[in-house]
Amino acid sequence: MVRSFVHSLRFRLMLLVLLVVTPGFVLTAYMGEQSRHAARIEAFEQARRMALLVAGNGKALIEGGRHLLHAVARLPELQRRDISGCSLYFSQVIKDYPGFADILAVSPDGRILCNATSPVPATANVSDRAWFQKTVSRSNFTVGEPVVSRLTGQPVMFLAYPVRSEERLEAVVAVALHMDWVGALVATLPMPMGTTVSIIDRAGTILSRYPEGGEWVDKSIPKAADILDQLLSAGVDAVETGGVDGVERLY
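According to the working numbering, the residues represented by the sequence shown are 186 to 436, in order.
Hints are computed from structural coordinates only; laboratory data are not their basis. The beta-carbon is built from N, C-alpha and C at its ideal position, and this holds for glycine as well. Worth double-checking, as some hints may not be accurate.
[What the hints assert, rightly or not] For each label pair, taking beta carbons as the anchor points, the in silico distance ranges come out as: (1) G249 / A423: 25 to 31 Å; (2) E230 / P306: 48 to 54 Å; (3) R353 / K408: 45 to 51 Å; (4) L417 / F229: 38 to 44 Å; (5) Q231 / H255: 32 to 38 Å; (6) H222 / G431: 21 to 27 Å; (7) A240 / R266: 34 to 40 Å; (8) V402 / G379: 15 to 21 Å.
Full structure from sequences and hints, please.
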């Protein structure tokens with residue numbers, strides 16, 4: 186009976202229909218896979234473009250700070266140790282640089298001479314800050330690590346430059362870069378749902394994150410050493426791995 190069914194017209198018609206329909210299923214599955222692959226590539230490129238934009242903006246802020254410090258270092262009031270004149274000039278200049286929280290002039294022993302935002306306590310001293318020590322020892326422009334400013338209480342990153350007279354260090358000038366500049370920039374960009382933008386240091390610690398920054402700052406991302414090694418040493422353009430929130434993310 187089975188043999189007669191196999192050789193029947195009905196079986197042959199069923200087989201013909203199956204052969205006709207099967208390529209459609211295969212094609213649909215193939216097209217679905219191709220569509221997912223294309224969407225993945227587009228998401229990758231969109232994330233890469235956003236990362237480059239944020240990185241470029243950060244670089245522009247640092248370069249702007251460098252040029253500002255070069256100009257401030259030649260300030261006559263600073264050369265004369267005119268503290269009130271220095272503070273007045275800084276308070277006026279800071280208005281033109283919304284990305285910066287403060288401008289400082291510091292003596293070689295670390296005492297804060299003047300700043301842009303508030304009266305300086307007599308005991309204010311930054312001699313123990315890494316950014317100040319590096320600027321003094323290297324005698325060059327320095328980008329510091331994020332810290333909490335002792336004058337404003339805000340999380341900032343200091344950019345500093347030495348003021349020299351011949352071979353002698355006269356002072357160190359510094360600008361405090363707001364750490365919330367990432368959020369201010371990203372808030373203006375169209376971001377896909379679920380996207381976050383973070384800045385991490387070389388130890389893999391989150392310095393700034395948008396959105397929901399507060400609860401993630403100071404946390405370390407998983408596999409940070411491996412990610413940074415690939416990005417900074419191996420020349421890899423991007424790495425995809427699990428984030429601190431357990432979501433697969435692109436670094």
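Which hint numbers doesn't this structure obey?
Structure breaks hint 4 only.
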